[in-house]
Each structure stands twice: as C-alpha cells, then as structure tokens.
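J.: Sequence:
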Amino acid sequence: MLNVRSYALGPVQTNCYIVSNKAKDCLIFDPGEEEERIIKELRSKGLKPLAILLTHAHFDHIGAVDGLRQAYDVPLWLHEKEVSWLSNPDKNGSGKYAMLPNYTVQPPLPEHIIREECTMTIGDFTFQAVFTPGHSPGSISYIFEDDGFAIVGDTLFERSVGRTDLYGGSTDILMASIHDKLLTLPEYTVIYPGHGRDTTPADEMENNPFLNGF
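Its first residue numbered 1, the sequence shown is counted upward by one per residue in this note's numbering.
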C-alpha cells in the first residue's frame with residue numbers, strides 16, 4: 001500500500017504530494033514552493049525521490065522544481081504542450097500572478113516529456129498518466145488505480161473546478177475532462193487536488209455546483 005503525504009506550500013498554498021512505498025522510494029508531485037521544507041521532510045522520513053512529476057506548469061506548481069533537482073538529481077516529467085512554459089513567465093504565470101515583485105519561475109527543461117496517455121512505471125510505482133486539459137492545455141492527472149487515488153492538479157476541487165481564464169484555458173474542455181476522465185473513476189477514488197482538501201467522484205457528482213448543467 002502506498003503512502004500519500006500532502007503539503008500546502010507557498011503563498012497560494014499549492015498542494016505538493018509525496019507518494020512513497022514500503023522501500024521508502026518516493027515520487028514528488030507539483031513541488032510548488034518551499035524546497036527547503038520538502039527536503040527536510042524527505043530527510044526526516046528517510047525517503048529517496050525517484051522523480052518529480054507535474055500535473056501542469058503554472059508557477060505555483062513548479063517553484064521548487066529546480067531546488068529539488070539540484071538536491072537529488074532526479075528527472076522531471078511534464079506534458080509536451082507545456083515544456084515551453086517552464087522558461088516563459090508569461091505562460092507559467094510567474095510574470096503576472098506571483099506575489100513578489102520581479103519574481104519569476106524558470107526551471108530547466110524536463111528530462112522526460114509525456115506525449116500521450118500511458119501507463120508509467122518508475123521504480124516499483126505503476127500508474128496512469130491521463131490527459132485532463134482545460135485549466136491548462138497540458139494538464140495531466142496521475143491515477144493510481146490499484147491504490148484508489150488520483151492526483152489531478154487544478155482540474156477538479158472539492159465543490160469547485162479549475163479556473164479557465166488563464167493562458168490556454170477552456171471551460172468546455174475542462175468540463176469534458178472532468179466528466180470523461182475523473183467522474184468515470186470508481187466513485188470512492190480519492191481525488192487529490194492542487195489546492196484544498198481531497199474529495200471523491202461520488203462527493204463531487206452529488207455536491208459540486210459547478211458541474212450542474214454540463
């Protein structure tokens with residue numbers, strides 16, 4: 001059974017997830033800020049990172065990528081449509097939405113580019129990379145079917161959905177992603193979002209007002 005640790009990081013409290021196994025290998029998802037805190041947690045728990053995976057490339061999800069790669073020399077995975085966002089503050093939002101003046105996020109290019117939906121195996125971890133665009137054109141949800149959870153970035157939240165007024169966003173595409181890729185998961189799959197508390201498809205189908213009418 002896998003262990004999922006969640007850390008709300010940075011000025012907009014973006015959820016970073018560390019998924020680990022009994023051997024204490026781990027995967028890091030969306031390290032948005034505070035790399036010192038993440039490194040401290042990894043060391044205190046005796047965890048060995050194997051990779052960093054991004055649900056998408058907005059600044060609040062990528063701010064600690066460079067620091068972690070320097071500390072652990074681990075590869076980065078990202079959708080092909082957002083590779084250029086890493087070096088472009090206008091696309092990743094750090095040039096406009098960051099909380100500090102003259103603050104931009106520009107981590108190096110990823111070692112691995114995800115070009116199609118696939119089953120991914122990294123070490124002893126096996127999971128699905130499913131495309132869920134709408135919040136951004138390259139948004140990915142990582143689905144751990146055998147362990148009953150999915151890491152979905154800013155696609156779906158508890159009682160809400162991802163915003164679509166940012167660069168490359170689309171409400172129609174977002175809603176299609178939610179209905180076709182996430183609400184079709186087993187109803188008690190744990191949905192780990194980019195912000196806020198976890199939820200399930202069953203809860204959102206029953207209680208999410210943003211899904212009514214779509």
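Just so you know, the hints here were simulated from the structure itself, not pulled from any lab data. Backbone N, C-alpha and C define an ideal beta-carbon position, used for all residues, glycine too. Where hints are given, some of them may not hold.
With beta-carbon atoms standing in for the labels, derived distance ranges [stated by the list, open to error]:
{"hint": "1", "residue 1": "80", "residue 2": "123", "range": "33 to 41 Å"}
{"hint": "2", "residue 1": "205", "residue 2": "119", "range": "36 to 44 Å"}
{"hint": "3", "residue 1": "3", "residue 2": "36", "range": "15 to 23 Å"}
{"hint": "4", "residue 1": "176", "residue 2": "148", "range": "17 to 25 Å"}
{"hint": "5", "residue 1": "165", "residue 2": "186", "range": "28 to 36 Å"}
{"hint": "6", "residue 1": "126", "residue 2": "187", "range": "19 to 27 Å"}
{"hint": "7", "residue 1": "146", "residue 2": "8", "range": "22 to 30 Å"}
{"hint": "8", "residue 1": "206", "residue 2": "45", "range": "34 to 42 Å"}
{"hint": "9", "residue 1": "73", "residue 2": "40", "range": "17 to 25 Å"}
{"hint": "10", "residue 1": "108", "residue 2": "180", "range": "41 to 49 Å"}
{"hint": "11", "residue 1": "203", "residue 2": "8", "range": "14 to 22 Å"}
{"hint": "12", "residue 1": "71", "residue 2": "4", "range": "36 to 44 Å"}
Taking lysine to aspartate or glutamate and the EDC-like style, the derived pairs with C-alpha atoms no more than 16 Å apart in a straight line are [to be verified]:
{"hint": "13", "residue 1": "48", "residue 2": "35"}
{"hint": "14", "residue 1": "96", "residue 2": "165"}
{"hint": "15", "residue 1": "24", "residue 2": "41"}
{"hint": "16", "residue 1": "91", "residue 2": "73"}
{"hint": "17", "residue 1": "24", "residue 2": "124"}
{"hint": "18", "residue 1": "45", "residue 2": "80"}
{"hint": "19", "residue 1": "91", "residue 2": "165"}
{"hint": "20", "residue 1": "22", "residue 2": "116"}
{"hint": "21", "residue 1": "81", "residue 2": "116"}
{"hint": "22", "residue 1": "81", "residue 2": "35"}
{"hint": "23", "residue 1": "81", "residue 2": "124"}
{"hint": "24", "residue 1": "48", "residue 2": "124"}
{"hint": "25", "residue 1": "22", "residue 2": "117"}
{"hint": "26", "residue 1": "48", "residue 2": "80"}
{"hint": "27", "residue 1": "45", "residue 2": "66"}
J.: Please go over all the hints and tell whether each is borne out by the structure.
T.: Evaluation of the provided hints:
In this structure, residue 80 and residue 123 break the distance hint of 33 to 41 Å, their C-beta atoms being roughly 23 Å apart. Between residue 205 and residue 119 the beta carbons are some 26 Å apart, a value that contradicts the proposed interval 36 to 44 Å. Between residue 3 and residue 36 the beta carbon distance is about 22 Å. The supplied range of 15 to 23 Å therefore holds. Distance hint for residue 176 and residue 148: a CB-CB separation of about 24 Å, consistent with the stated range 17 to 25 Å.
Between residue 165 and residue 186 the beta carbons are some 32 Å apart, a value that agrees with the proposed interval 28 to 36 Å. For residue 126 and residue 187, the hinted distance range of 19 to 27 Å is satisfied, since their beta carbons lie about 23 Å from each other. In this structure the hint that residue 146 and residue 8 lie 22 to 30 Å apart at CB holds, the actual value being about 26 Å. Between residue 206 and residue 45 the C-beta distance comes to about 35 Å, which sits within the given range of 34 to 42 Å.
Distance hint check: the CB atoms of residue 73 and residue 40 are about 18 Å apart, consistent with the given range 17 to 25 Å. Under the hint 41 to 49 Å, the C-beta atoms of residue 108 and residue 180, about 33 Å apart, miss the expected range. Checked against the hint of 14 to 22 Å, the C-beta distance between residue 203 and residue 8 comes to roughly 20 Å, which is consistent with it. About 21 Å separates the C-beta atoms of residue 71 and residue 4, a value inconsistent with the hinted range of 36 to 44 Å.
Among the hinted pairs, residue 48 with residue 35 is consistent with the structure: their alpha-carbon atoms are about 15 Å apart, no more than 16 Å. At roughly 13 Å between alpha-carbon atoms, residue 96 and residue 165 fall within 16 Å of each other, so this suggested pair holds. For the hint pairing residue 24 with residue 41, the CA-to-CA distance comes to about 12 Å; that is within 16 Å, so the pair holds. Proposed proximity of residue 91 and residue 73 is contradicted: the alpha carbons are some 26 Å apart, above 16 Å.
The straight-line distance between the Cα atoms of residue 24 and residue 124 is roughly 11 Å, inside the 16 Å bound, and the hint therefore holds. At most 16 Å may separate the alpha-carbon atoms for a hinted pair to count; residue 45 and residue 80 exceed this at roughly 33 Å. Taken as a hint, the residue 91 and residue 165 pair is honoured in the structure, with Cα atoms around 12 Å apart against an allowance of 16 Å. Between residue 22 and residue 116 the CA atoms are separated by roughly 30 Å; this puts the pair beyond 16 Å, and the hint is violated.
A C-alpha spacing of about 11 Å is found between residue 81 and residue 116, which places the hinted pair at or below 16 Å, so the restraint holds. Pair hint residue 81 plus residue 35 does not hold up; C-alpha atoms about 25 Å apart against a cutoff of 16 Å. Taken as a hint, the residue 81 and residue 124 pair is broken in the structure, with Cα atoms around 27 Å apart against an allowance of 16 Å. Distance check on the hinted pair: residue 48 and residue 124 sit about 13 Å apart at the alpha-carbon level, within 16 Å; holds.
A hinted pair counts as satisfied when its Cα atoms are at most 16 Å apart, and residue 22 with residue 117 does not qualify at roughly 27 Å. For the proposed pair residue 48 and residue 80, the alpha carbon gap of about 26 Å is over 16 Å, so the pair is violated. Distance restraint check for residue 45 and residue 66: the Cα-Cα separation of roughly 21 Å exceeds the 16 Å cut-off, and the hinted pair is therefore not satisfied.
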